[in-house]
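Protein chains in written order, with numbering that gives the first Met the number 0: chain Z, 0 to 339; chain A, 0 to 339; chain U, 0 to 339; chain F, 0 to 339.
Estimated spans, in silico, between C-beta atoms of each pair:
1. D82/U <-> L292/Z: 25 to 31 Å
2. S114/A <-> M298/F: 26 to 32 Å
3. M0/Z <-> F280/A: 55 to 61 Å
4. D130/A <-> K276/F: 27 to 33 Å
5. D264/A <-> A223/U: 46 to 52 Å
6. D130/A <-> T107/U: 40 to 46 Å
7. R152/U <-> L292/Z: 41 to 47 Å
8. E37/U <-> T128/Z: 36 to 42 Å
9. T128/Z <-> E275/U: 27 to 33 Å
One-sided excerpt, in silico: chain U residues whose CB lies under 10 Å from chain Z:
10. T61
11. W75
12. D82
13. E95
14. W122
15. V133
16. F134
17. D308
18. G311
19. V312
Anything over 12 Å on all C-beta distances counts as not near chain Z; from chain U, calculated:
20. M0
21. M32
22. G48
23. R152
24. E153
25. Q157
26. A223
27. F225
28. G239
29. Q268
30. K276
31. D332
32. L333
33. V335
Just so you know, the hints here were simulated from the structure itself, not pulled from any lab data.
C-beta atoms are modelled at their ideal positions from N, C-alpha and C, and glycine is treated no differently.
Protein chains: 4
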Amino acid sequence: MVSFECDYIAGAHPEILKQLVETNMESLPGYGMDHYTESAKEKIRKACGCPDADVEFLVGGTQTNAVVISTMLHDWEGVIAADSGHVSVHESGAIEFTGHKVIELPGTDGKLSASAVRDYLRWFCSDVTHDHMVFPGMVYISYPTEPGTLYTREELEQLSSVCREYGIPLYLDGARLGYGLMSKASDMTIEDIARLTDVFYIGGTKVGALCGEAVVFTKGNRPAHFMTSVKKRGALLAKGRLLGIQFDTLFTDDLYFRISKHAIDMAEQLKTIIKEKGWEFYMDSPTNQQLILMTEDQMEALGKTIAFDRWGVYDSTHTIVRLATSWSTSEEDLDVLRSV
Amino acid sequence: MVSFECDYIAGAHPEILKQLVETNMESLPGYGMDHYTESAKEKIRKACGCPDADVEFLVGGTQTNAVVISTMLHDWEGVIAADSGHVSVHESGAIEFTGHKVIELPGTDGKLSASAVRDYLRWFCSDVTHDHMVFPGMVYISYPTEPGTLYTREELEQLSSVCREYGIPLYLDGARLGYGLMSKASDMTIEDIARLTDVFYIGGTKVGALCGEAVVFTKGNRPAHFMTSVKKRGALLAKGRLLGIQFDTLFTDDLYFRISKHAIDMAEQLKTIIKEKGWEFYMDSPTNQQLILMTEDQMEALGKTIAFDRWGVYDSTHTIVRLATSWSTSEEDLDVLRSV
Amino acid sequence: MVSFECDYIAGAHPEILKQLVETNMESLPGYGMDHYTESAKEKIRKACGCPDADVEFLVGGTQTNAVVISTMLHDWEGVIAADSGHVSVHESGAIEFTGHKVIELPGTDGKLSASAVRDYLRWFCSDVTHDHMVFPGMVYISYPTEPGTLYTREELEQLSSVCREYGIPLYLDGARLGYGLMSKASDMTIEDIARLTDVFYIGGTKVGALCGEAVVFTKGNRPAHFMTSVKKRGALLAKGRLLGIQFDTLFTDDLYFRISKHAIDMAEQLKTIIKEKGWEFYMDSPTNQQLILMTEDQMEALGKTIAFDRWGVYDSTHTIVRLATSWSTSEEDLDVLRSV
Amino acid sequence: MVSFECDYIAGAHPEILKQLVETNMESLPGYGMDHYTESAKEKIRKACGCPDADVEFLVGGTQTNAVVISTMLHDWEGVIAADSGHVSVHESGAIEFTGHKVIELPGTDGKLSASAVRDYLRWFCSDVTHDHMVFPGMVYISYPTEPGTLYTREELEQLSSVCREYGIPLYLDGARLGYGLMSKASDMTIEDIARLTDVFYIGGTKVGALCGEAVVFTKGNRPAHFMTSVKKRGALLAKGRLLGIQFDTLFTDDLYFRISKHAIDMAEQLKTIIKEKGWEFYMDSPTNQQLILMTEDQMEALGKTIAFDRWGVYDSTHTIVRLATSWSTSEEDLDVLRSV
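Sequences are here, hints too, so could you generate the full structure?
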């Protein structure tokens, strides 16, 4: 059985495990005060071309979204997101749990357009009676988006420009950031991301780590007493080394980007196989997740050797099936799929 | 430099790392649906003599307390804890963040007495006007307590009895459970803990794991849709295997208890060294943490070779210093301390 | 200057003030334990044909929505509402403040269709992976809706049926309940509302009271320790008599319905005036609020003698203007408008 | 039956009702935008000698505490209060509901000493590891305190000085402010209160109003977008006139202080009666609430003609009984008590 179910089916990249093993018996201070964590922060700042950025590590994606959004919003504010955004749909209400509304705007293929955001902000600010509403206090986007699409640099610049015009931060959820940046369709670097957003996170869980996400506050805008707010949300890891060592490894010799590129190469082969099989794409994705349409019969046949994800219902006879590659996908895995 | 600063200075027990390495490339489902997690649950149920218990894994201690307490309390309830309890003092308000009050009762040496709890509950229930107050809906204790003391079985039975009399759950925070149970002063087994409490957690972070705590709902009382509530609190780990594999290892061949016993053996030697040095104990602790009184001069001298924790202020000339052993403390570490 | 701005421009119906004055110096217990409050509850139960209903009084509408929704939802649940619903748009995130998501479904003219709700619930229940989403735990509707439309009895029966099928409560926000029920377009009585919903509130603030809303739990489903949860939300009024006496008066000799009918009669005349003036309706409303389209010039002219509400932007040259009648609207007020 | 049960047994002062009646049919804007509310604010600013203060009206005391505290605290902060403070004990956890801890320090006769606060703040700031704790971000006191005692001006100046030294606001709960200031034992004016605190509220509910409390932000420190935060907490009253007109009346010709003084005069007579009867005082109170000790037999006898409050248990044979006067207490009421 070979799995293309998602991009978190394997443990950690072997290089990471090696580092965890080698450093295991060192005595290190807790809560991220260790030198591996410091080194990881420094490497990330460098990779982002952002020497003054504040970098903080958290354990998982939903946690990161809830911590970042709720510590950056004011009491009277909510966060704008596409209606398909992860914070809108798939986090069991984690943002609302912190007392803030997700203001959902219609997205297109998972993306929020600058014009939709500008129209909303302009409308909101046009009328003083809107103080009975939640103030839009942040814009949340994901890169790649949930269905696997990408913002162009032009689009991100426009979003960034709208946010600056209205004085609210732009937050980018990079749960799969590496897979986005290494996509052939991407015209951006991580330095672009850092420049155009106010805060973003570099996803580790889905890109080679056992767990962990690196939040980058790019504009000297880390919330005050952030560690205490993290602890208050139950998100402070005692052995911060677990996150520090992993990201230190991922940002040594570009490992993060190399393994992301591997996943994209595998995805390109996957797309070729899909076409060869004559399977129908649900939508065109330039990243590591491919969505295709299948009948029950097709799924039953495929399911004999391949694990996959039922992503959603398409129509009465077709299901949207997700096949994902990751840093851990091998040529052998593709061969098995090819021979189905 | 040798560290006795706390019990989370090292990575994971080598056996755990070995298992993580060996299983690393297996394709496993996420969110704790993998077979290692299932195996870990089964082993814990067995160790607890509690075949029907629900076992759930979370990442850290504060997170576990916040998740368990807030999902088990009713809207109108708070949790009773000793004024020195971890939830009362050292969690940055994580319980209050979920909307619930910690009702602090005076403890003695970190322990909450059954009579103090009964008096409070009796008083609360004696007067209908108390419906302008927070209802006591749970009792929280820790084992060992924060300063390292232990409840006797008799004491735990009394607390359990009070809780049952008033129909509220007894919750035991076992961040250092192994070190408590393996103490020579302990007259309890994990089966006693499971029998006498309604819910407790087995601490992994401080007892050999990189991270992770195992919550045991002992009475068929796991809150409904627990996984969704966990996700809502940002506490659901995508790669649940990281927790499952660690606890599966810890509960194979009694590893959890063997390494806990090692820490206690080291603590016994530590106590002997302290006595030999003529250092004054702040209080007598039968577990892995020893609290002693030191002057600035003494701390300066000690600090040249030994890392330790300044636990608190004692008086104008003395500080309470914590020296802790753990599963990772070695005879060599003690030798260094002995030769200071 | 005559105001048609909204339906809360005047104080209280004179009969209410008279009762407040007459009872003013009576010594009464606090927190709704007085006999006027008890009498009001009994009259409301009778009016609803619901002898076993629990009736509770709160101060305002947003407060009522937040208290009712957050005490009835489970931790893992949110509330379904139309995207134009008051809880979705105009309560500054009061529901989210309690930690729960408002699941917004597209409405038509402010109404939520039973089929839209059924489709959502069916879809949600179709897939176990939806446990990463907020569970739909209640359906919220308003009667009349925010733009002034009404559900037919048939529509309410269908919504009620869907909710029962899926085992979740149907909650009706009756901020302007009287104006809905007294509309010529209404085919329902308050007994129908009580029968078909699980909980609803009878709005006082907009229908003759200084403040106050009466929540009716129609199915023996008042949350446990409701008073304590109300107090916890800062919503418990010390002098509960203020609410009790007002609702006791409103439900004596059908005052509530008589003054509601008056507002509707005034609204019918208002519609005639609007037609005579040749003003364009934005939408057809059978209740006390009329929405019309006006240019800046028209608004400037009207504004010289009439106060009105700018409800929203229609297009670059037209604004949606709201003209509302209420229990306090007089023939003289209409005459002034007629003569504009 | 004559009631000395509490100070909210009657409706409103007749002068207030008169104003409500006279202004009843005026068309006024909602949400506190009316001219009576503006006039009330201006009169309060003048009474406080604080021309730049921001004054805001809320409905009740617990609501006011929750709104003020939660909008002024930062995310990582809690509020210091005496262990007997209203926010600590009698608000069903309303502060915790907003996500903030009440840090309870031992009080003496209901009062918090400046030295206790300074010691706590000094200790907290002495150690960086305290960032795992809730930061003390405000000091809450009540005047009079819950058992009826008063801070001297000297004591308030000291508290004020500690708060300024540590840069945190001092908040005074004046639910019974008038009864405190008019006490013969008081050496302060409302101008002193305004000068020495950062925010306080003038209680209306217990001093002549049907409902309502006036919050005074004395140092240009009203939280941004306060109205939206108030709405978010379900605390915004649609007919703000109800609060504005009441406070406008209370602050016309010193009515607030005159009726407060009446209550104190009545309390002085009450104390004389208590002494004449030979009843034992539980503690000496210079304000409108008197606490005495009674046996069951005594309470049974008294209860035949007098309503009173069982304030608490004293010992196995005695109950602490509260007898309160208020603006509505009459000479005739005292005569009845005298003749018991």
